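Peer 1: Each chain, written out:
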Amino acid sequence: MANVQGLSQDQLQIVAELEIEMMSDMYHRMTNGCFKKCLPLKFRDSELTKGESVCVDRCVAKYLEVHDRIGKKLTSMSMQDEAAMKQMQANTNAMAK
Amino acid sequence: MDTEGAARNFKDFMQMYNQLTERCFGVCVADLGTRRLTEPEEQCVSNCATKNVRLNNRTMEVFMELQPAILEKRQREAMEAMAKAEAAQATSQSIGDNQATKDLT
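Protein chains in written order, with numbering that gives the first Met the number 0: chain R, 0 to 96; chain A, 0 to 104.
Treat the hints as calculated values from the structure; they're not laboratory data. Just so you know, not all the hints are guaranteed correct.
What the hints assert, rightly or not - Calculated pairs, EDC-like style, for lysine to aspartate or glutamate (alpha carbon to alpha carbon, straight line, at most 16 Å):
#, chain 1, residue 1, chain 2, residue 2
1, R, K35, R, E20
2, A, K10, R, D80
3, R, K41, R, D56
4, R, K36, A, E21
5, R, K35, R, D9
6, R, K72, A, D1
7, R, K71, A, E41
8, R, K35, A, E21
9, A, K10, R, D56
10, R, K36, R, E16
11, R, K35, A, D30
12, A, K10, R, E51
13, R, K36, R, E51
14, A, K50, R, D56
15, A, K50, A, E21
16, A, K10, R, D24
Predicted model only: the values in this text are computed from it and were never measured.
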């Protein structure tokens with residue numbers, strides 16, 4: 000059984016699992032990054048201060064924005080690469096003829 | 000296409016992507032007084048991502064260039080070591096043989 004992208008049920012399962020794994024990896028890195036940027040290393044109080052809460056709020060928003068931007072960038076770069084590769088292949092084919 | 004290879008590729012890519020986000024966020028975002036990326040931060044993230052990708056490509060190029068030579072060298076050294084070991088064994092054996100002949104006579 001294959002769907003539109005030609006992936007079987009098993010393959011879809013693998014992709015879904017990988018996606019979850021990578022999402023959790025991203026989350027882990029984000030937590031670390033925002034911890035570093037927002038919390039001063041003096042734990043006088045167990046309560047998050049107002050400032051810290053606001054900082055974490057913005058930090059998560061910004062992290063996700065950076066993630067999104069880099070994702071788009073990577074996609075566009077890989078598309079450019081593919082186009083260049085195709086062009087090169089076409090050129091070599093034309094030369095061979 | 001074999002699923003395992005594709006899955007590994009996908010995972011490698013995602014790992015690279017996450018690492019890139021982490022690195023560029025750490026370097027480029029200094030001001031958490033705003034919720035959206037500022038203009039310079041945006042520029043920095045863009046440059047950071049592009050440069051990292053170029054760095055990856057360049058590293059791969061150099062690696063591909065050097066790797067065969069290193070592999071060849073390693074193989075040659077292994078062959079030499081084997082030849083040496085064989086020669087040593089042959090000598091010790093011939094000494095042993097000589098000893099045996101001497102004992103017989």
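Peer 1: Hints first: check each against the structure and report whether it holds.
Peer 2: Results of checking the hints against the structure:
1. R:K35 - R:E20: This hinted pair is violated, its Cα atoms lying about 23 Å apart.
2. A:K10 - R:D80: Given that 16 Å is the threshold and the Cα spacing comes to 20 Å, the pair is violated.
3. R:K41 - R:D56: Roughly 20 Å separates the two Cα atoms, so the pair is violated.
4. R:K36 - A:E21: holds, 12 Å
5. R:K35 - R:D9: With Cα atoms ~39 Å apart, K35 (chain R) and D9 (chain R) exceed 16 Å; violated.
6. R:K72 - A:D1: Measuring from Cα to Cα gives roughly 28 Å; hence the hint is violated.
7. R:K71 - A:E41: Measuring from Cα to Cα gives roughly 13 Å; hence the hint holds.
8. R:K35 - A:E21: holds, 12 Å
9. A:K10 - R:D56: This hinted pair is violated, its Cα atoms lying about 29 Å apart.
10. R:K36 - R:E16: Violated, because 30 Å separates the two Cα atoms, which is more than 16 Å.
11. R:K35 - A:D30: holds, 13 Å
12. A:K10 - R:E51: violated, 34 Å
13. R:K36 - R:E51: Holds, because 10 Å separates the two Cα atoms, which is no more than 16 Å.
14. A:K50 - R:D56: violated, 29 Å
15. A:K50 - A:E21: Holds, at about 15 Å.
16. A:K10 - R:D24: Since the Cα atoms of K10 (chain A) and D24 (chain R) sit roughly 11 Å apart, the hinted pair holds (cutoff 16 Å).
Checked against the numbered hints given earlier, this structure breaks hints 1, 2, 3, 5, 6, 9, 10, 12, 14; the rest are met.
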